[in-house]
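Undergrad: So the sequences go chain by chain: A and B.
Sequential numbering of the first sequence, starting at 6, is according to our numbering.
Sequential numbering of the second sequence, starting at 77, is according to our numbering.
Rather than coming from a laboratory, the hints here were simulated on the basis of the structure.
Just so you know, not all the hints are guaranteed correct.
Simulated pairs of lysine-lysine, DSS-like, Cα-Cα distance not exceeding 25 Å [as the list claims (entries may be wrong)]:
#, chain 1, residue 1, chain 2, residue 2
1, B, K245, B, K682
2, A, K409, B, K245
3, A, K484, B, K245
4, B, K465, B, K662
5, B, K245, A, K403
6, A, K150, A, K71
7, B, K546, A, K484
8, A, K484, A, K403
As the structure is a prediction and not an experimental result, all values here were calculated from the model.
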Amino acid sequence: MGLPKDGFVGLSSKIRSSLKPINRLNILTALASIIMLTQIPWLTVLIAFPLVAAIAIPFLPDQNGKTIRWYALSTALIELALMVYAFWGSYTFELADLQLAESYPWVPQLGLNWSLAVDGLSMPLILLTGFINALAIFAAWNVTKKTRLFYCLMLILLSAQIGVFAAQDMLLFFLMWEIELIPVYLLISIWGGPQRQYAATKFILYTAVGSIFILVAGLAMAFYGDTTTFDMAALAQKHYPLAFEMLSYTGLLIAFGVKLPIFPFHTWLPDAHGEASAPVSMVLAGVLLKMGGYGLIRMNIQMLPHAHIHLAPILAVLGVVNIVYGALNAFSQGNLKRCLACSSISHMGFVLIGIATLSNLGLNGAVLQMVSHGLIAASLFFLAGVTYDRTHTLTIDKMGGMAKLMPTVFALFTISGMASLALPGMSGFVGELTVFLGIANTAVYTSSFKVMVILLAAVGLILTPVYLLSMLRRVFYGKAGDVAASAWIDAQPREIFIAVCLLLPIIGIGLYPKMVMQTYDVTTMAIAQQLEQEVTVVAQQGNFSKALALQEFHAPDLHASGQKMLGVMNSNL
Amino acid sequence: MESLYQYAWLIPVLPLAGAMILGLGLISFNQATNTLRRPSATFIVSMLGGAMALSFAILWSQVQGHEPYLVTFEWAAAGNFHLNMGYTIDHLTSMMLVVVTTVAFLVMVYTDGYMAHDPGYVRFYAYLSLFSFSMLGLVMSPNLVQIYIFWELVGMCSYLLVGFWFDRKPAAAAAQKAFVTNRVGDFGLLLGILGLFWATNSFEFDIIGIRLQELIASGALSATLVSIFAILVFLGPVAKSAQFPLHVWLPDAMEGPTPISALIHAATMVAAGVFLIARMFPVFADIPTVMTVIAWTGALTALLGASIAMTQNDIKKGLAYSTISQLGYMVMAMGIGAYSAGLFHLMTHAYFKAMLFLGSGSVIHGMEDVVGHDPALAQDMRLMGGLRKYMPATAITFLIGCLAISGIPPFAGFWSKDEILGAAFEANPALWFIGWATAGITAFYMFRMYFSTFEGEFRGNQQELRTQIKQLSLPAFGPGAMDPHELEAHDSHEHGHHASEPHESPITMTLPLMVLAVPSLAIGLLGTPFANYFEGFVYAPGEPVPDIAEIAAEFEWSEFLPMAGSSIGIALIGITLASLMYISRKIDAGAIASQIRPLYEFSLNKWYLDDFYDRVFVRGCRRLARQVLEVDYNVVDGVVNFTGFVAVISGEGLKYFENGRAQFYALIVFFAVLGFVILSV
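Taking the hints into account, I'd like the entire structure generated from these sequences.
TA: Structure, rendered in structure tokens:
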């Protein structure tokens, strides 16, 4: 069939003409050509697919609980494959703009649009979501209690997570954000540890109260000015007065701060992790925390840049507090998963500092740190779950000497621990190094402020091995502890497979970070440029807060000749 | 010739590939891999052998005068920031490559004998290979960031290898201590790198050096700031090369198997600090403050190491403190600008100290037959003695090592140490005096070690001595202390199987010792003051190429003889003293010790630094963490729980507002938004 190569009109007329002689073959070919020539609403497909699959679960025949898990796993894998295919085929890495955009009016009375799109910021996170969720479902292989409900919730959760990262409508974002809470609440409160009710309630209270702030700030921004719109790009175009921006910013910061989590809104996280089962922890630490960081960049920076310029120092301070406070907390935890949860708090501090740098390098590092921590935390929580399956306790003091019984688990745990303490050659190091370089080279802070931030954040570099290696020592080294039983089997092939799947990208990014960086670099650069313009404008107006832009001694200018022979830094190299 | 350089990346990658293959095998097919012991070992050793052959070829080509070679590729990019990685080959690198590969090769051969009965034999080879990769990558790094990467990787390998026997509690503690102490140094190194990058926008050594000078000259950057950055960078070597005050990890690291003590904690990794100072020489050399700090740190460390080594009874601990002391010499040499001398000592020390450690391993191996697999007994020199009869090859090579480290001509250590002392005398006689006195102490403790191990009567079968030592080695506090009955039962159980005499080690262990004896004897001749080929090859960057003939022409016996004579003299005094105390027993060491009790205790307790760190940092950190956790529970979480409580109370009141009408809720949200907008405008 000689279909016109482009133009939707030509195509639809062709379909109409082909429909005249009612011929099934013709319709099929026409549909096929639509799929080939027009854009498939990929993002809608990605969100809808797990959801539809989840709805079908109650009606599936199930022989001794094995069909469902295969069904759920294959759904997640197909979803991942679809993602890779969609982004591979339709996403252009060189463009900073929103891509794969689609928008349909959903509830026109409310102005709610089903509008989705991705850019360099959300695309890696969506891929991470697909990857972690597939592995989490595979990790939940031995769930015996209410299998149908469990996998159903996992798939709905997957759908909602993608929705959060892809939504371009403030209301839709809020909706997705709320939808994602419910499965997590149920997953903790039904399949959790002994204290699950307390943990789940705490989780839902914190995040639900936090999300009200998204709604209020979103509505305020939508109704501000002449036009009422929920479109995120349009909201970013509006000019708000500074006081309004500051208020909205604070509201969003609270909402995302609960999620990330930022001190002092973090206390739900150790409880939730301590009680959640391993697959839920994997998703929680691997993806859900990143929604906080994503929200901060997408809304706080992109929509409210003026407020961000003024409040960024606070973010940097909070980041430092997170790093040190989280690390110290982790050091004195007696519960394996609570310790890892506090370690997540500590690592998220680097994301905050990266966001606060207002520079391309810092933002780049923040995104990299999110992706990297997603993989590392998932791997650690998974292995903690593997350990728990054998010990049936998470109390560190009751374990000990397990290396002898489970050498493979020990090896994998050590590698993940090394990744978490930012060992070079693994992704954590690159993320943290980039954040450090970003804060060291940003032009907006005074030197004394920068020195303090770098110094205290670097203290985290010493504290991280202190608590991680202590944990490894207490769990694995020495003579066998109280609960040790020689009947324990070492890691099984499925478990090794999952851990290796997580470790391979960790090491891959560590060895060649450009591989990941180039997927989002243009976007972070565009955001950083936008911020830089705002900084110059604000600096010219002269109403800068004291902590900013008063450069006592900034990086000295280099000789022009020196500039040319920049060895490492030369862009021509 | 060019293709040789194009494929130089194979030098680190060959051992890496070996480690990866074994590692994957161990994780996926644990049992199968563990049965393939010899094939695995042969595979790893031949991989490293390939790397060694390439290294020799490159050294040869560099000696022939080939240009330095540099390859880079873009590793990370963010906007206009680009970070390159790659490898560089120059004189220094080629020398280090040969040192590292030869020592690693011999240690790997030796391992076959030493670890023959260990269930972790294959894993040990995988770790060794991974370490070789990291160390080779380190010496080939073209910029600071890449050095930092491999710097941490060698630290991780050290962690894995120190904690190799993971069922031993002290090994686990030592591994963690080593890693954390090194992280403290890396903390400084990273901050220094960031500072230098901020100032110069570069990670490359010579560019940083040039720009810093420009900036200081133009007044754009204060010299104080530059000194701070440089000292921060120097913190890295302080930790890695076990300099005061971060040396505390190295003696504890002796918990690891002896082959790695030889490879990592004597010959290569600990020398990485000196190597980094050498690489940073273009930056450091022009900042006098930093050079002074480096020189005095080195001198102090040399003295500290030697003074503690005098009273150690554990043969490996003694050697460890001796390593600290010798590293102090190298760092001091760097600090006084004696670039070639410091690196020359690095090379000679790598060979003779590796040999000494391997020798001590051979001794321990022999002792284990008598006293069992108990490090507290097998490594204690009070139980040794007279071993020369049983293990002649080990004894002779150990003696060569002792002569080399004591600085007796023509052994290797004499030439390198004497060159350092000569340079120190010109720079600052006080530094020379410390170095000179330390040389005497070195000779004393090394021969104390040699005499009490290899000469006299064998004491390994004295039961009371054993029990006494065993009880001393146990922790005297805490519920973990062992029950004495348990100890006796343990002992009697062990005795049944053991021989009453130690024996010589197998050929795979003695052969590396004999091979290492050759450079320990002769390699010093490369750097004699009358024909200093070494300085003609490895010289400070930016300096004119030294002409060997010219240096030789300037050489004057009248200058050389007093210097050399005085150092030989003090070494001989040390040896004589040791022989009087430990062979002929004319002087009672115990009596002297009790006469200068405080000094003796000070040395025996390692200057009380470990106790101090434990009290201040370890416990302080734990206490702080506990307090933070309490705050988290009671304050941060408490506020939330209180709010929850208030919410429940107010919920009771608000219940009456709940009428289930959606409009009502919409109204509330509307008013909230309205209030929000009004408030902000």
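Undergrad: Each hint: holds or not?
TA: Do the hints match the structure? See the list:
| no. | hint | in the structure |
| --- | --- | --- |
| 1 | B/K245 with B/K682 | 21 Å, holds |
| 2 | A/K409 with B/K245 | 13 Å, holds |
| 3 | A/K484 with B/K245 | 7 Å, holds |
| 4 | B/K465 with B/K662 | 23 Å, holds |
| 5 | B/K245 with A/K403 | 16 Å, holds |
| 6 | A/K150 with A/K71 | 13 Å, holds |
| 7 | B/K546 with A/K484 | 20 Å, holds |
| 8 | A/K484 with A/K403 | 12 Å, holds |
In summary, this structure violates none of the numbered hints.
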